[in-house]
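Q: Start from the sequences and build out the full structure, keeping to the hints where you can.
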Amino acid sequence: MQCAVGVTVLAAAAVSLAAGSQWAEQFSAGPFQFRSEFAMDEAERQSLASEIALLRDDLEQTLRLPPGESPVEVSLFRNKWSYQRFVSQRIPDGASRPALFVKGPDLGRVYIYRRWGYETDFRHECTHALLHSSLPFVPLWLDEGLAEYFEIPRGERASRGRYLSSLRRSMFFGWKPNLRRLEARQSVTEMDSDDYRDSWAWVHFLLHGPVEARQVLSNYLDDIHSGRVITPFSERLYQRVPDANQQLILHLRSCR
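The sequence shown lines up with residues -24 to -1, 1 to 232 when you count with mature numbering (1 follows the signal peptide of the UniProt record, and there is no 0).
Treat the hints as calculated values from the structure; they're not laboratory data.
Only a predicted model underlies this, so the values are computations on that prediction, with no experimental measurement involved.
A hint or two may mislead.
As the list claims (entries may be wrong) - Here are the simulated DMTMM-like cross-link-like pairs (lysine to aspartate or glutamate), alpha carbons at most 20 Å apart as the crow flies:
| # | residue 1 | residue 2 |
| --- | --- | --- |
| 1 | K56 | E1 |
| 2 | K152 | D170 |
| 3 | K79 | E49 |
| 4 | K152 | E211 |
| 5 | K79 | E45 |
| 6 | K79 | D69 |
| 7 | K79 | E166 |
| 8 | K152 | D171 |
| 9 | K79 | E20 |
| 10 | K56 | D69 |
| 11 | K56 | E13 |
| 12 | K152 | E132 |
| 13 | K79 | D119 |
| 14 | K56 | D119 |
| 15 | K152 | D219 |
| 16 | K79 | D97 |
Said to hold, decoys possible - What follows is a set of in silico ranges between Cβ atoms, one per label pair, in the way DEER data are often shown:
| # | residue 1 | residue 2 | range |
| --- | --- | --- | --- |
| 17 | V187 | W92 | 18 to 26 Å |
| 18 | D198 | P218 | 16 to 24 Å |
| 19 | R216 | P112 | 34 to 42 Å |
| 20 | C231 | Q2 | 39 to 47 Å |
Yeah, the Cβ is synthetic: ideal placement off N, Cα and C, and Gly gets one too.
A: Have a look at this one:
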């Protein structure tokens, strides 16, 4: 089902802000409210609107999640310096990150600065925003793994991943999956690059591996959405797919 967000934005015009404001313009795409330090032409605004529509549609179809309608504010900065100055005053720990999603009591907030390939940052952080709009909480490893997965353009997610070469190199030297270690991570400050990589690997396996694994993920997300008390994901997965670690390794070796 195609999300209505694209239609909403196609009819929306950019709103110029008063002189002296930090923001050059504002526009909306469904529940997403954009404010930008730099002027955008209609093509760029519609490109961002289309990305939102595709992401909402993909999460609904791939994860069987109902579309969230909680408001999300997206702040677009002209450069890294402007981004860091703004973020450091509000979320000091986030200023060193290239982009940021923050879930607040009133709305979700995405902070991104314009650079080459910032569309990847946009998809990554907006995936976080959409997940947290649909679900009361998302385990950190799954949150980051899904964001790493959906940051890749739609047609390339199944066959391409920037972590594959690193994982295969690590497997050559004896790497073993450790989902429980990822589940123990409680903050992004505890996660290193290998944790992001491994989270992506598990998500790719759960979405493109055996049907049983995908069903475990679907049931798990449904329980979170329904507010039911849930057991750790690893416990559920290993009960249904006892050799999940071995199957993950075989899955990564077979990816093309």
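Q: Confirm or reject each hint.
A: These are the hints, each one checked on the structure:
no.	hint	verdict
1	K56 with E1	holds (19 Å)
2	K152 with D170	holds (12 Å)
3	K79 with E49	holds (10 Å)
4	K152 with E211	holds (17 Å)
5	K79 with E45	holds (14 Å)
6	K79 with D69	holds (15 Å)
7	K79 with E166	holds (19 Å)
8	K152 with D171	holds (13 Å)
9	K79 with E20	violated (26 Å)
10	K56 with D69	holds (15 Å)
11	K56 with E13	holds (12 Å)
12	K152 with E132	violated (26 Å)
13	K79 with D119	holds (13 Å)
14	K56 with D119	violated (25 Å)
15	K152 with D219	holds (12 Å)
16	K79 with D97	holds (17 Å)
17	V187 with W92: 18 to 26 Å	violated (39 Å)
18	D198 with P218: 16 to 24 Å	holds (22 Å)
19	R216 with P112: 34 to 42 Å	violated (24 Å)
20	C231 with Q2: 39 to 47 Å	holds (41 Å)
Violation of the numbered hints given earlier is confined to hints 9, 12, 14, 17 and 19; the remaining hints are satisfied by the structure.
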